[in-house]
Amino acid sequence: MADPTTAMPASTQPRQRRRLVRDLKAMPGFTATAWLCIVTLYLPILVLIAFSFNENRSVVLWTGFSLDWYAKALENDGIRNAAWVSVKIALFATVISTIAATMAALATTRTKAFAGQGLVYGIINQPLMIPEIVTAIATLSLFALVKKVTGLTGIGYLMLAHAAFCIPFAYMPIRARLETMTLTLEQAAADLYAPPLKVFTLVTLPLLGPGIVAGAMLAFVVSLDDVIITLMIAGPGETTLPIYILGAIRRGITPEINAVSTILVAVSVLLVMLLFLVQRRMQR
Amino acid sequence: MTGTEIARDRKAAVSARALSKTFGQGDYAVTALDSVELDILENEFFTLLGPSGCGKTTLLRLIAGFELPTQGSISLQGQDITDKPPHRRPINTVFQNYALFPHMTVAENIGFGLRMLGKPAAEIKQTTERMLALVQLEAMAGRRTDQLSGGQQQRVALARALAPAPKVLLLDEPLAALDLKLRKNMQLELKSLQAETGITFVFVTHDQEEALTMSDRIAVMKSGKILQIGTPRDIYDRPTHRFVADFIGDINILEGTVEHTDGDLATVRLKDGTRVSAHLGTTAARSGEVSVAIRPENVRLAGAGETPTLTGILENIVYFGAATNLHLRLGTGEEIVIRNPGAVDEGRYQPGATIGAVLQPELIRVLE
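Residue numbers (numbering that gives the first Met the number 0), protein chains in the order written: chain A, 0 to 283; chain B, 0 to 367.
Incorrect hints may have been included.
So these bits of chain A aren't anywhere near chain B, every CB distance computed over 12 Å [to be verified]:
| id | residue |
| --- | --- |
| 1 | 31 |
| 2 | 43 |
| 3 | 128 |
| 4 | 148 |
| 5 | 186 |
| 6 | 188 |
Calculated pairs, PhoX-like style, for lysine-lysine (alpha carbon to alpha carbon, straight line, at most 25 Å) [claimed, not checked]:
| id | chain 1 | residue 1 | chain 2 | residue 2 |
| --- | --- | --- | --- | --- |
| 7 | B | 124 | A | 111 |
| 8 | B | 83 | B | 124 |
| 9 | A | 147 | B | 10 |
| 10 | B | 180 | B | 10 |
| 11 | B | 183 | B | 124 |
| 12 | A | 197 | B | 10 |
| 13 | A | 146 | B | 10 |
Just so you know, the hints here were simulated from the structure itself, not pulled from any lab data. Bear in mind the structure is a predicted one, so any value in this text is a computation, not a measurement. Built from N, CA and C at the ideal position, the CB exists for glycine as well.
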């Protein structure tokens with residue numbers, strides 16, 4: 000570099016970083032690219048939200064504002080039942096998968112390095128890489144076998160399936176958080192006479208809080224949103240909201256579906272905002 | 000007082016016997032501590048001094064119980080604690096990066112140890128207040144720890160470790176993260192705190208000046224071994240190893256051969272044939288090729304008509320206010336530094352001049 004200031008690396012480092020940031024923004028087409036990405040991501044959702052307020056039955060022709068479709072959606076027993084089933088399954092899956100993921104994360108970061116640790120990471124994360132349809136069929140076959148042997152039926156199968164596939168999603172943020180937490184704090188607690196259980200409840204768990212909350216929310220959203228596995232496993236009367244919407248669309252799309260979808264969007268935005276607030280408070 | 004004199008009239012707080020620690024296995028095994036024998040006495044300010052990787056922090060962690068030794072034993076006031084977990088040892092640690100609990104206030108941090116010991120709330124409150132006063136942080140009791148400056152965090156860490164009144168306080172380079180001025184203040188504060196509380200302090204540092212300033216006794220470590228244990232004066236004036244002499248302060252080292260010994264004194268023939276008598280002390284080097292050492296302040300310029308011990312060509316004069324260093328190149332190629340108090344006559348002492356140096360015979364040491 001011809002820049003004479005490079006002779007003093009210590010003093011030029013921050014300046015270089017600042018220039019890098021400025022350079023990126025000054026690149027030709029930066030603003031246009033950014034807007035293109037944002038529009039591609041959010042325009043469909045905006046259209047969906049807009050037409051949920053349409054007075055007309057059409058989802059392509061705007062005639063006027065109305066909240067009728069929301070009223071209809073909320074009065075629809077099919078939708079209400081499906082929403083309740085979804086929430087029930089998601090809550091169960093979240094609790095079970097978060098507990099399992101927390102234990103797995105502790106076992107893979109808070110113990111002495113053991114042989115095959117890399118393999119364990121792989122095994123926990125592998126479900127993310129396997130096509131969901133394969134997981135779905137595998138789960139279906141297993142459950143068919145279990146049903147045949149035990150004769151048990153019910154919504155439990157669907158709940159367990161959700162709990163299982165949510166584990167790797169909950170595991171990721173929890174492990175990430177644990178890896179940024181140094182062992183020193185736990186050692187300091189032990190040094191100050193805290194027995195192992197107290198170290199865990201008074202130091203590890205509170206500090207791990209944001210990671211656990213993030214993992215739980217991710218698990219909740221993933222469960223709420225699942226179609227493929229649910230489609231395979233769900234028995235009669237176990238229709239979740241996404242499955243209901245899928246069925247309704249086959250009969251023709253109406254703004255009622257838009258209204259339900261908008262509510263789902265609102266719930267997920269709320270969750271993300273909550274997560275952000277919790278994390279900011281914990282990190283302060 | 001020498002190290003051995005202290006040992007006779009005081010009991011040991013912490014003792015290590017044949018203590019070894021190896022990390023890793025097989026070909027990758029690293030010996031962090033190698034058969035360490037150590038007695039740290041009651042009410043003592045004891046320093047483990049050495050360069051990074053010498054095993055001083057490992058030794059501290061073994062005393063705290065964060066690591067288990069590969070071999071050997073540790074006892075506290077005569078009781079074997081080798082296998083006790085950290086929470087069952089009445090020993091507290093001030094960590095290098097303080098390790099304050101970020102989700103607790105200053106007062107909660109300080110009270111943590113007492114709370115874990117199951118002390119009544121009133122006692123916890125009282126002791127916490129006393130500790131806050133001791134480290135002059137009364138106004139900060141309700142603050143979160145990340146709202147404090149580095150020096151304040153340091154004090155909280157100290158108060159937290161002192162609050163449960165441990166038998167031994169371990170300090171792992173606690174001043175390393177502070178700036179120079181604050182560090183100097185904290186050195187004095189730590190020293191007076193130790194005197195006030197009467198608790199045994201075991202202090203780890205790589206800063207030789209810090210060790211000399213604060214310690215009652217120092218153990219100098221290298222490659223997992225303790226080379227020498229003694230008072231700051233022992234270590235500075237009577238080093239036993241070339242490494243110890245070199246690590247602490249400035250030193251002139253000359254090569255020679257032991258001709259004969261008589262009690263504590265050895266007659267050493269230097270490379271240029273000069274014979275000097277040097278003190279053996281407790282060094283294991285008693286025959287054959289040895290190093291002899293003398294501090295620059297114990298070498299003076301030969302006066303007029305005086306017979307110099309050594310002569311050399313003056314290469315450099317470095318003036319730094321209180322003293323002047325004269326660097327002499329001897330005929331053997333070895334270098335010797337004379338520290339002359341105050342300035343020297345620059346007309347007479349110029350680079351290239353032949354200069355005589357007188358070594359104070361009682362301050363020459365033989366080194367291992």
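Okay, the hints, checked on the actual structure:
1. Once the 12 Å rule is applied to beta carbons, residue 31 of chain A is consistent with being away from chain B; the minimum gap is 41 Å.
2. In this structure residue 43 of chain A is separated from chain B by more than 12 Å, as the shortest Cβ-Cβ distance comes to about 42 Å.
3. A cut-off of 12 Å between C-beta atoms confirms that residue 128 of chain A is not in contact with chain B; the least separation is 32 Å.
4. With a minimum CB-CB distance of about 46 Å to chain B, residue 148 of chain A clears the 12 Å threshold, and the non-interface call stands.
5. Non-interface status of residue 186 of chain A relative to chain B is broken: a Cβ of that chain comes within 12 Å, the nearest being about 5 Å off.
6. Not every CB of chain B is more than 12 Å from the CB of residue 188 of chain A (nearest about 7 Å), against its label as outside the interface.
7. Proximity of residue 124 of chain B to residue 111 of chain A is assessed by CA-CA distance (about 37 Å); at most 25 Å being required, the pair is judged violated.
8. Of the supplied pair hints, the one linking residue 83 of chain B and residue 124 of chain B is violated, its CA atoms being roughly 29 Å apart against a limit of 25 Å.
9. With a CA separation close to 75 Å, the supplied pair residue 147 of chain A and residue 10 of chain B exceeds the 25 Å bound.
10. For the suggested pair residue 180 of chain B and residue 10 of chain B, the alpha carbons sit about 36 Å apart, so the restraint of at most 25 Å is broken.
11. A C-alpha spacing of about 31 Å is found between residue 183 of chain B and residue 124 of chain B, which places the hinted pair above 25 Å, so the restraint is violated.
12. Taking the CA atoms of residue 197 of chain A and residue 10 of chain B, the gap is near 34 Å; set against the 25 Å cutoff, the hint is violated.
13. Our distance criterion of 25 Å between C-alpha atoms is broken by residue 146 of chain A and residue 10 of chain B, whose separation comes to about 73 Å.
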